[in-house]
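Protein chains in written order, with our numbering: chain U, 1 to 166; chain Y, 1 to 166.
Just so you know, these hints were derived from the structure itself, not from any lab.
Given the structure is predicted, the values throughout are model-derived calculations rather than measurements.
Some clues are possibly wrong.
One copy or any two copies: either way a pair holds, since identical chains are not told apart in the list.
Said to hold, decoys possible - In silico SDA-like pairs for lysine to any residue, Cα to Cα no more than 25 Å straight-line: (1) K53 <-> N119; (2) K11 <-> K53; (3) K129 <-> F104; (4) K159 <-> Y16; (5) K74 <-> G114; (6) K11 <-> N73; (7) K53 <-> P103; (8) K32 <-> L139; (9) K53 <-> S106; (10) K63 <-> D43; (11) K138 <-> N119; (12) K75 <-> E86; (13) K129 <-> L38; (14) K75 <-> R52; (15) K74 <-> T132; (16) K138 <-> L38; (17) K11 <-> I50; (18) K75 <-> F134; (19) K32 <-> P103; (20) K159 <-> E92; (21) K74 <-> K129; (22) K75 <-> K129; (23) K129 <-> N23; (24) K32 <-> T142.
Given next are the chains, with one letter for each unit.
Protein chains: 2
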Amino acid sequence: MDEVIADPIDKFITIYQQEHGYNYTLDQMHGKEFRELLPPELDHTLREYINRKGFFRDLKVIKDSQEVLAELNKKYDVFIVSAATEFPNSLEDKQAWLADYFPFISWTNIMFCGYKIVNTDIMIDDRTKNFTRFNGRKLLFTSPHNVMLTEYERVNNWKEAAEKLL
Amino acid sequence: MDEVIADPIDKFITIYQQEHGYNYTLDQMHGKEFRELLPPELDHTLREYINRKGFFRDLKVIKDSQEVLAELNKKYDVFIVSAATEFPNSLEDKQAWLADYFPFISWTNIMFCGYKIVNTDIMIDDRTKNFTRFNGRKLLFTSPHNVMLTEYERVNNWKEAAEKLL
């Protein structure tokens with residue numbers, strides 16, 4: 001979900017602007033995690049924001065993800081597999097968010113987990129760590145933190161995912 | 001989780017005794033779902049109870065599950081894979097319940113889902129429908145609703161699971 005169909009980075013930028021006066025930009029993240037931009041005294045705050053009830057409830061949708069997933073869902077059996085159990089307060093927010101923006105994904109095809117031990121044919125993910133337990137075709141979805149990585153087949157956006165898979 | 005490490009049936013019996021005056025017993029369920037015991041006018045109430053916030057938060061633990069899973073967890077990489085997204089109000093209750101009774105299971109190894117599309121070696125489950133998408137060794141955990149089924153390798157309780165797997 002995060003950085004693939006939902007956009008937490010945009011929300012991080014807004015929070016640190018409004019609550020701490022920083023003006024971070026996506027360009028600064030090139031190859032880095034957002035957390036690495038923070039001054040040491042704010043390092044601990046990021047997990048606190050993420051764990052706040054409601055954090056995941058109003059994230060913006062990643063461009064073209066609704067249209068392309070709706071099309072993919074006609075051709076494939078699409079599952080949303082989200083690393084979420086690290087932040088238990090996110091679970092119900094994430095499912096409610098999916099119901100709002102991806103109503104064509106049934107509850108049967110939603111999975112909240114830690115390690116992604118799924119047996120699907122294809123995985124689209126922005127985190128290479130999620131590929132380590134996965135045996136199918138791996139598509140690295142471009143996000144600022146992963147732009148320097150070269151070892152995986154990449155999709156830069158949902159239009160490219162559509163070209164490869166539809 | 002349900003009917004394997006957590007006991008919703010005991011809670012159903014208590015609820016229908018306290019709120020509706022029925023005295024159901026496990027013997028009546030032999031080969032049936034609990035719902036089949038209810039008179040038609042109460043049929044719709046079961047889903048309402050299950051979907052109530054808090055329903056899954058105080059379930060009793062199935063006998064010997066804590067001790068045996070703790071031992072299994074030393075030998076195997078144990079995951080808890082629970083069909084939960086049908087009832088979104090259950091998600092946070094289920095994770096908090098696991099933290100209370102199975103604290104040795106890390107958030108990395110918890111999965112809340114609809115269909116159980118996992119690539120583990122073994123699945124212990126009381127519902128044969130969860131075996132249909134699974135390619136590993138299937139162990140049917142005995143529960144009143146499944147006692148008539150014969151097509152799967154069965155474990156009648158956690159002591160038997162320990163004998164097979166430890």
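Here is how each hint holds up against the structure:
1. K53 <-> N119: So K53 and N119 fail the 25 Å test inside a copy (31 Å) and across (31 Å) alike.
2. K11 <-> K53: within (14 Å within a copy, 29 Å between copies)
3. K129 <-> F104: Between copies only: 22 Å across chains, 28 Å inside a chain, cut-off 25 Å.
4. K159 <-> Y16: neither (30 Å within a copy, 53 Å between copies)
5. K74 <-> G114: Classified as between: cross-chain Cα gap 19 Å, same-chain 28 Å, threshold 25 Å.
6. K11 <-> N73: For K11 and N73, neither the intra-copy (28 Å) nor the inter-copy (38 Å) Cα distance is at most 25 Å.
7. K53 <-> P103: Answer is both; intra-copy 22 Å and inter-copy 23 Å each pass.
8. K32 <-> L139: Only inside one copy: K32 and L139 sit 20 Å apart there, 44 Å across copies, limit 25 Å.
9. K53 <-> S106: For K53 and S106, the Cα distance is within 25 Å both inside one copy (23 Å) and across copies (21 Å).
10. K63 <-> D43: neither (29 Å within a copy, 44 Å between copies)
11. K138 <-> N119: both (12 Å within a copy, 16 Å between copies)
12. K75 <-> E86: between (32 Å within a copy, 24 Å between copies)
13. K129 <-> L38: Answer is within; shortest intra-copy Cα gap is 23 Å, inter-copy 48 Å.
14. K75 <-> R52: Intra 36 Å, inter 36 Å, cutoff 25 Å: neither.
15. K74 <-> T132: between (28 Å within a copy, 22 Å between copies)
16. K138 <-> L38: Neither: 31 Å inside a chain and 48 Å across chains, both beyond 25 Å.
17. K11 <-> I50: Cα proximity of K11 and I50: one copy only (10 Å, versus 34 Å across).
18. K75 <-> F134: Intra 22 Å, inter 22 Å, cutoff 25 Å: intra and inter.
19. K32 <-> P103: Answer is neither: 33 Å inside a copy and 33 Å across each miss the 25 Å cutoff.
20. K159 <-> E92: Intra 29 Å, inter 35 Å, cutoff 25 Å: neither.
21. K74 <-> K129: between (28 Å within a copy, 23 Å between copies)
22. K75 <-> K129: Between. Shortest inter-copy distance 24 Å satisfies the 25 Å Cα cut-off; intra-copy 27 Å does not.
23. K129 <-> N23: Classified as neither; 29 Å inside a copy, 51 Å across copies.
24. K32 <-> T142: within (12 Å within a copy, 50 Å between copies)
Of the numbered hints listed earlier, those contradicted by the structure are 1, 4, 6, 10, 14, 16, 19, 20 and 23.
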